[in-house]
Amino acid sequence: MAYSFYPGCSMEATGKAYLVSLEAVSHALGLELKEIPDWNCCGATVSANAIGDLPQLAMTARNLALAEPAGNDIVVGCSSCYLNMAWANEKFKTDARFRSQVSEALGAAGLKYEGGLRVRHLIDVLVNDIGLDNLKARTIKPLAGMKIACYSGCQTVRAIRRRDFDNVEYPVMLSRIVEALGATPVPFPAAARCCGGSQQFTRVELIHELTGYVLETAAKNGAEAIVTPCPMCHMNTDVYQAEINRVKGTNYYLPVFFLTQLIGLAFDLKPKDLGFSFNVVSPDKLFAKHNIKN
Amino acid sequence: MSAANEQASRFDPGFAREFYALENGEYAKLCMQCGLCAVTCASREFMDLPPRKLFKLVQAGDKEAVLQSQTPWLCTSCMTCTVRCPRGIPIIDVMHGLKYFLIQQGSKAPVALMSKIFAENMLRRGRVFELALTNSFFLKAYGPVGAIPIALKMRSVGQPMLLKGRLPLKPPKKIKGLDQVHKIVKKATEVMKREGHQDGV
Ligand code: SF4
Ligand code: SF4
Numbered sequence: 091m092a093y094s095f096y097p098g099c100s101m102e103a104t105g106k107a108y109l110v111s112l113e114a115v116s117h118a119l120g121l122e123l124k125e126i127p128d129w130n131c132c133g134a135t136v137s138a139n140a141i142g143d144l145p146q147l148a149m150t151a152r153n154l155a156l157a158e159p160a161g162n163d164i165v166v167g168c169s170s171c172y173l174n175m176a177w178a179n180e181k182f183k184t185d186a187r188f189r190s191q192v193s194e195a196l197g198a199a200g201l202k203y204e205g206g207l208r209v210r211h212l213i214d215v216l217v218n219d220i221g222l223d224n225l226k227a228r229t230i231k232p233l234a235g236m237k238i239a240c241y242s243g244c245q246t247v248r249a250i251r252r253r254d255f256d257n258v259e260y261p262v263m264l265s266r267i268v269e270a271l272g273a274t275p276v277p278f279p280a281a282a283r284c285c286g287g288s289q290q291f292t293r294v295e296l297i298h299e300l301t302g303y304v305l306e307t308a309a310k311n312g313a314e315a316i317v318t319p320c321p322m323c324h325m326n327t328d329v330y331q332a333e334i335n336r337v338k339g340t341n342y343y344l345p346v347f348f349l350t351q352l353i354g355l356a357f358d359l360k361p362k363d364l365g366f367s368f369n370v371v372s373p374d375k376l377f378a379k380h381n382i383k384n
Numbered sequence: 371m372s373a374a375n376e377q378a379s380r381f382d383p384g385f386a387r388e389f390y391a392l393e394n395g396e397y398a399k400l401c402m403q404c405g406l407c408a409v410t411c412a413s414r415e416f417m418d419l420p421p422r423k424l425f426k427l428v429q430a431g432d433k434e435a436v437l438q439s440q441t442p443w444l445c446t447s448c449m450t451c452t453v454r455c456p457r458g459i460p461i462i463d464v465m466h467g468l469k470y471f472l473i474q475q476g477s478k479a480p481v482a483l484m485s486k487i488f489a490e491n492m493l494r495r496g497r498v499f500e501l502a503l504t505n506s507f508f509l510k511a512y513g514p515v516g517a518i519p520i521a522l523k524m525r526s527v528g529q530p531m532l533l534k535g536r537l538p539l540k541p542p543k544k545i546k547g548l549d550q551v552h553k554i555v556k557k558a559t560e561v562m563k564r565e566g567h568q569d570g571v
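Chains as they are written, first to last, in this note's numbering: chain H, 91 to 384; chain E, 371 to 571.
Mixed in with the good hints there might be a few duds.
The calculated DSSO-like cross-link candidates involving lysine-lysine, where the alpha carbons are at most 30 Å apart (straight line), are [as the list claims (entries may be wrong)]:
| hint | chain 1 | residue 1 | chain 2 | residue 2 |
| --- | --- | --- | --- | --- |
| 1 | H | Lys-202 | E | Lys-546 |
| 2 | H | Lys-338 | E | Lys-510 |
| 3 | H | Lys-181 | E | Lys-510 |
| 4 | E | Lys-553 | E | Lys-563 |
| 5 | E | Lys-486 | E | Lys-556 |
| 6 | E | Lys-426 | E | Lys-563 |
Think of the hints as simulated: they come from the structure by calculation, not from any bench.
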């Protein structure tokens with residue numbers, strides 16, 4: 091199965107482990123991901139504040155225009171990139187005024203988008219194209235007994251407003267994947283709660299509270315680890331965990347995995363190909379407990 | 371001026387019209403004050419005005435209260451309110467329009483600074499260079515001396531980021547079509563200004 095692939099800036103920096111493990115997993119699954127040639131940053135959720143919504147969505151539409159000749163669905167892993175790209179695409183298809191405005195902007199750069207593509211979140215592709223049965227069949231080392239909080243994040247399931255691929259209140263797709271890998275998803279009412287997003291520099295108290303709540307809920311429900319598809323959720327729960335422990339006097343020890351890192355483990359891929367070296371909360375103790383060699 | 375008049379002079383119906391003309395601003399008209407966004411919002415405990423009240427004050431023309439509010443700067447774009455609002459108001463888009471307006475007016479809020487730095491950074495190469503983004507934010511927000519205690523306070527975050535290779539030291543390569551990106555943004559900005567901002571509400 092061939093797809094156009096949009097990594098986005100974070101997969102090349104703060105979320106590098108995601109990219110590395112996605113490459114390993116897609117190889118194992120025969121997923122052919124072809125990076126959109128010369129893609130540009132989508133602007134995340136902050137640049138619209140500085141340049142306006144229309145310019146940002148038009149910029150994002152450049153990536154759609156570049157991907158269109160290949161004709162494949164676009165796969166996006168980062169929730170924020172997915173939000174921008176899927177929304178630009180949806181609006182392009184359903185709002186004639188937006189379509190003509192964006193076409194005019196693309197035209198200024200000699201580009202054109204016909205609206206012929208679908209933008210898909212990685213979770214959607216894994217569940218609906220690859221299929222849970224296939225994920226299960228490919229699982230060589232089931233993650234039996236591993237208790238996981240499945241943290242979809244807020245934007246992942248809400249990006250396309252009401253035309254969601256998962257339940258916007260109680261997302262379930264991620265837990266189904268985790269189940270297929272043999273692990274046990276714990277009840278996790280914070281699955282679609284906000285982690286505070288990109289306010290790490292601007293209002294760190296927001297991260298302490300919101301991410302703190304996510305960690306607390308995971309711990310309370312008996313999770314040994316958290317899994318997420320979102321680089322921002324990963325950053326806040328993993329990198330800020332020590333800081334939250336310090337500020338709140340808590341003592342969480344919850345390794346946080348990208349979805350693809352967990353899939354790779356169950357597929358018995360080499361741990362060194364799954365980017366665990368980028369994880370700040372060390373997964374070593376957890377691996378030792380479950381007899382996983384790192 | 372009597373107290374009642376003073377009170378009345380705070381409200382400027384012209385401001386409501388001004389707000390509705392912002393990009394996505396017209397959606398604020400649709401708010402029916404049900405309060406769902408207020409109980410829903412992830413940042414509600416930090417906000418001075420929940421989105422519901424903000425929209426009420428827009429409708430009433432309370433310019434000062436709206437422009438002073440911290441609400442747009444606390445919105446994390448989590449979209450919870452947006453998928454729940456029974457009137458279908460894309461609240462995060464309204465917040466974008468308001469923040470854009472406030473930034474044009476010279477807002478000094480940290481998110482205003484962050485948004486500008488992010489956009490500049492992104493438009494320099496076509497992709498974001500996160501290390502430079504972090505550095506320029508802290509330098510501009512706190513100055514070279516003021517940034518040091520912040521950096522020390524945040525070392526439980528910064529150190530592992532660097533040690534674990536999550537903040538590459540080298541910038542990403544400039545994309546080939548950087549010029550296209552600039553042309554697109556320029557044209558879209560023209561269109562946004564030319565066509566007013568009404569989004570067909
Ligand atoms: S949920 Fe929508 S209609 Fe209800 S108060 Fe909030 S913005 Fe207004
Ligand atoms: S999108 Fe903003 S206003 Fe809406 S619930 Fe999230 S933080 Fe609150």
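Structure-based check of each hint:
1. H/Lys-202 x E/Lys-546: Roughly 17 Å between the alpha carbons, so the hint for H/Lys-202 and E/Lys-546 holds.
2. H/Lys-338 x E/Lys-510: 29 Å, holds
3. H/Lys-181 x E/Lys-510: 36 Å, violated
4. E/Lys-553 x E/Lys-563: 15 Å, holds
5. E/Lys-486 x E/Lys-556: Holds - the C-alpha atoms of E/Lys-556 and E/Lys-486 are around 16 Å apart, at most 30 Å.
6. E/Lys-426 x E/Lys-563: 26 Å, holds
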